[in-house]
Amino acid sequence: MTELGTIAMEGPSDAHPATAQVALESKGFLRQTLATVGKRYTARLGLVWIAILAFCAVFAPFIANSMPIAMKWKNQWYFPLFRFLTPADVILQIVFWTGIIVYVYRPRSSLHLIVLVSVILLLSILAQMLIHPPGPQKYSEYLLASRSGKAQSVWTVPIRYSPEDHMDDLQQLRNSPPSVHHLLGITNGKADLLSNMIYASRIALSIGFISTGIAVVIGCTLGGLMGYYGGIIDLLGMRLAEIFNAIPTLLLLLCFVAVFEPNLYYMMAIIGLTSWVGYATFVRAEFLSLRDRDFVHAARAAGIPTWSILFRHMLPNGITPVLVSASFGVAGAILAESTLSFLGIGLTGEASWGGLLNEATGEGGNFYWWIALYPGLAIFLTVFAYNLIGEALRDALDPKLLKQ
Amino acid sequence: MLNYVIRRILLMFPTLLGITALVFFVMAYSPGGIGGQALEADAGSDSAVAAKIREYYEKRYGIHKPKIVQFGRWLNQISPLGLEIKDDGSLGHFGFKAPSLGDSMEQNRPVMHLIRERLPLTLLLNLVSIPIVYILGVATGIQAAKKRGGMFDTVSNATQLAMWSVPTIWAGVMLIGLLASRQYLKLFPTSGLYEVEAAHMAFLPHMVNHVLVRGYLLDVIWHLILPVICLSYGSSAFLTKLTRGSMLENLGADYTRTARAKGLPENVILYRHVLRNSTLALITVAAGILPSMLGGSIVVEWIFGIPGMGQLGVHAVQFRDREVVLAVTLIGGFVSLASQVLRDILYALADPRVSYE
Numbered sequence: 001m002t003e004l005g006t007i008a009m010e011g012p013s014d015a016h017p018a019t020a021q022v023a024l025e026s027k028g029f030l031r032q033t034l035a036t037v038g039k040r041y042t043a044r045l046g047l048v049w050i051a052i053l054a055f056c057a058v059f060a061p062f063i064a065n066s067m068p069i070a071m072k073w074k075n076q077w078y079f080p081l082f083r084f085l086t087p088a089d090v091i092l093q094i095v096f097w098t099g100i101i102v103y104v105y106r107p108r109s110s111l112h113l114i115v116l117v118s119v120i121l122l123l124s125i126l127a128q129m130l131i132h133p134p135g136p137q138k139y140s141e142y143l144l145a146s147r148s149g150k151a152q153s154v155w156t157v158p159i160r161y162s163p164e165d166h167m168d169d170l171q172q173l174r175n176s177p178p179s180v181h182h183l184l185g186i187t188n189g190k191a192d193l194l195s196n197m198i199y200a201s202r203i204a205l206s207i208g209f210i211s212t213g214i215a216v217v218i219g220c221t222l223g224g225l226m227g228y229y230g231g232i233i234d235l236l237g238m239r240l241a242e243i244f245n246a247i248p249t250l251l252l253l254l255c256f257v258a259v260f261e262p263n264l265y266y267m268m269a270i271i272g273l274t275s276w277v278g279y280a281t282f283v284r285a286e287f288l289s290l291r292d293r294d295f296v297h298a299a300r301a302a303g304i305p306t307w308s309i310l311f312r313h314m315l316p317n318g319i320t321p322v323l324v325s326a327s328f329g330v331a332g333a334i335l336a337e338s339t340l341s342f343l344g345i346g347l348t349g350e351a352s353w354g355g356l357l358n359e360a361t362g363e364g365g366n367f368y369w370w371i372a373l374y375p376g377l378a379i380f381l382t383v384f385a386y387n388l389i390g391e392a393l394r395d396a397l398d399p400k401l402l403k404q
Numbered sequence: 001m002l003n004y005v006i007r008r009i010l011l012m013f014p015t016l017l018g019i020t021a022l023v024f025f026v027m028a029y030s031p032g033g034i035g036g037q038a039l040e041a042d043a044g045s046d047s048a049v050a051a052k053i054r055e056y057y058e059k060r061y062g063i064h065k066p067k068i069v070q071f072g073r074w075l076n077q078i079s080p081l082g083l084e085i086k087d088d089g090s091l092g093h094f095g096f097k098a099p100s101l102g103d104s105m106e107q108n109r110p111v112m113h114l115i116r117e118r119l120p121l122t123l124l125l126n127l128v129s130i131p132i133v134y135i136l137g138v139a140t141g142i143q144a145a146k147k148r149g150g151m152f153d154t155v156s157n158a159t160q161l162a163m164w165s166v167p168t169i170w171a172g173v174m175l176i177g178l179l180a181s182r183q184y185l186k187l188f189p190t191s192g193l194y195e196v197e198a199a200h201m202a203f204l205p206h207m208v209n210h211v212l213v214r215g216y217l218l219d220v221i222w223h224l225i226l227p228v229i230c231l232s233y234g235s236s237a238f239l240t241k242l243t244r245g246s247m248l249e250n251l252g253a254d255y256t257r258t259a260r261a262k263g264l265p266e267n268v269i270l271y272r273h274v275l276r277n278s279t280l281a282l283i284t285v286a287a288g289i290l291p292s293m294l295g296g297s298i299v300v301e302w303i304f305g306i307p308g309m310g311q312l313g314v315h316a317v318q319f320r321d322r323e324v325v326l327a328v329t330l331i332g333g334f335v336s337l338a339s340q341v342l343r344d345i346l347y348a349l350a351d352p353r354v355s356y357e
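One line per chain: the protein sequences are A and B, in this order. The numbering of the first sequence is our numbering, which starts it at 1 and goes up by one. The numbering of the second sequence is our numbering, which starts it at 1 and goes up by one.
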């Protein structure tokens, strides 16, 4: 983000000589926009909800887990929760804490960032290779000892149920409504709904960000090339965009998903592949107007390579409309994932809000209101939050509104 | 103008070709391939039966041929001008012939018959929803723009953004669960577009032995209420926002000030000057609303158990029923391309400044 901000400063869009004179360090266009967005209370509400979700996603195993953090059993201390952490949990922790470090120390040069990114990558690969959790176990000895009261002292996390705990041993009723033990009730598969929803926030957030990222990268690259070169590339690119635009998105998604094994990574790629058209047309339009500007001519005269002109000089000046629609795009991607999961062609074996919502109507036309209400509410709030942020971004970038 | 329209219509063909090619090759290169699912369902583990069925498919659909040839065969099959296809699957001589969408692999029926059964239901759903979307959206938008920042404006702004974010799947499940399920208020039917007995009823409501009989019309309306709500709330929220925005823009324009200075009544300014100029923005999105509603009806049909085109498409994709998937894609693509052309024509009709010459 800081890097983008400094790049944007070079462009002509950052034309605020008055503020530049007052402040020693002028703010980039992007940073100004983000500051304006941060002042809107609706956008703040949205950001708060996303932050809560991100917290749930990163710390899911420490919020909802049937394994105790620490327990004393037969005069010996055990730490089952840490033994059962998956590589994904550990990688999330690594990324989160490095993110905090980056935020606090604000590395000036891009070298620092590269070092940080490579450290994250290295640690993640190590985590993937070295950590082999025993996998979910219904009747692990720790669980039995801690639940039966044989252990001398047990430290648990706030919600004592894992999403894959199907609680056959606890003689719970299936589909029981919210109670003191299960704050949001129990799902069809005898699992705790709240715990499922906390883990599902990971899917929602990652799908939203990564598939939108893929779409933005494809859209910017194709749109940039189309706008810069024009001619036959433009014609072919626009036909391709038209093709993707004319197929009902859901049908295209269905085709891709039904045909390839739906796992999380495919899903991200597929949703990204089907939603780049909007970004491409935006970037193309911007590039068409930018390519004859003086700074582009100057860059070309200076002998700067084409990719650098395209993506380091022109793109930062044309990226702003993409930001707005990316914010709505994240909402769209989350909706798409939950719709596919709801239709039963999405992810299998992993809790997702859409999949949970699908369980709300059981056999014989029974309706379990808590299974419908809470996962649906989570989807709604997340989509709403991204839409609020997108609205605020758009208003901050709209020159007509700025004048008033 | 006519030149332009003809050019646009001709440009639709390469795009439609691209659309069907995209879907065809995604399916063809999938693990299991076209018809794989059908083979599994019909034959199970019996290899002799599987071989027989495979032979049948090879003859009927040519699935052993190279993929590009298969696609060529399909194109030949839907075009009215091309090689004649004989009953045993071999090709005859070149000439005019009846275009055909082929036979469904799963149901062994012509795709055309399936579509003739399903399309009216989807069309009914959409044709009822679209006027509701427009009337509701435009009326609320005008009201909101009349007094910017007023009570109505604030409330409608907040609700439209919220409504726009409510996922259709959630709205559908909650509406069915609370208003239609056995446990709670049993006000509406949970699935289908009409009751079985409605087929024997008269069209209009009437009295039989002092008991009111709904009649076919009321029965269908009763079944349509929840699906139509689900299909229309999102688009109408979007339209409200759009109408409000473009009305506000025009209300601040110079010609509005001139109209006020002339002493025109406020209603004339609003409806004859500002609204007419705001319709341009509404036309631009009209092209987007129709395809998005067709896409939305996939979900709505699934939730409410309406056997329309959406359900046909979802099922065919799951089954990898090549001919049906391609037919549904072709129709969906055609509708959205046609609505784009229609948009551009309407645009030129509504705004004399727009010219395509």
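What the hints contain is simulated information worked out from the structure, not anything from laboratory work. The reader is advised that the hints may include incorrect statements.
[To be verified] Cross-link-like lysine to any residue pairs, in silico, SDA-like; alpha carbons within 25 Å at most:
id : chain 1 : residue 1 : chain 2 : residue 2
1  : A       : K39       : B       : M151
2  : A       : K39       : B       : G149
3  : B       : K97       : B       : L121
4  : B       : K241      : A       : P321
(message) So if I understand the rule, the pair passes when the alpha-carbon distance is 25 Å or less; does A/K39 with B/M151 pass?
(response) holds, 23 Å
(request) Measure nothing beyond the straight line between the CA atoms of B/K97 and B/L121; if it is 25 Å or shorter, mark the hint as holding. (result) Roughly 30 Å between the alpha carbons, so the hint for B/K97 and B/L121 is violated.
(request) Would you mind confirming whether the straight-line C-alpha gap from B/K241 to A/P321 stays at or under 25 Å? (result) holds, 19 Å
(request) Given the hint that A/K39 pairs with B/G149, test it: the Cα-Cα distance must not exceed 25 Å. (result) holds, 19 Å
Hint compliance for this structure: hint 3 is the single one not met.
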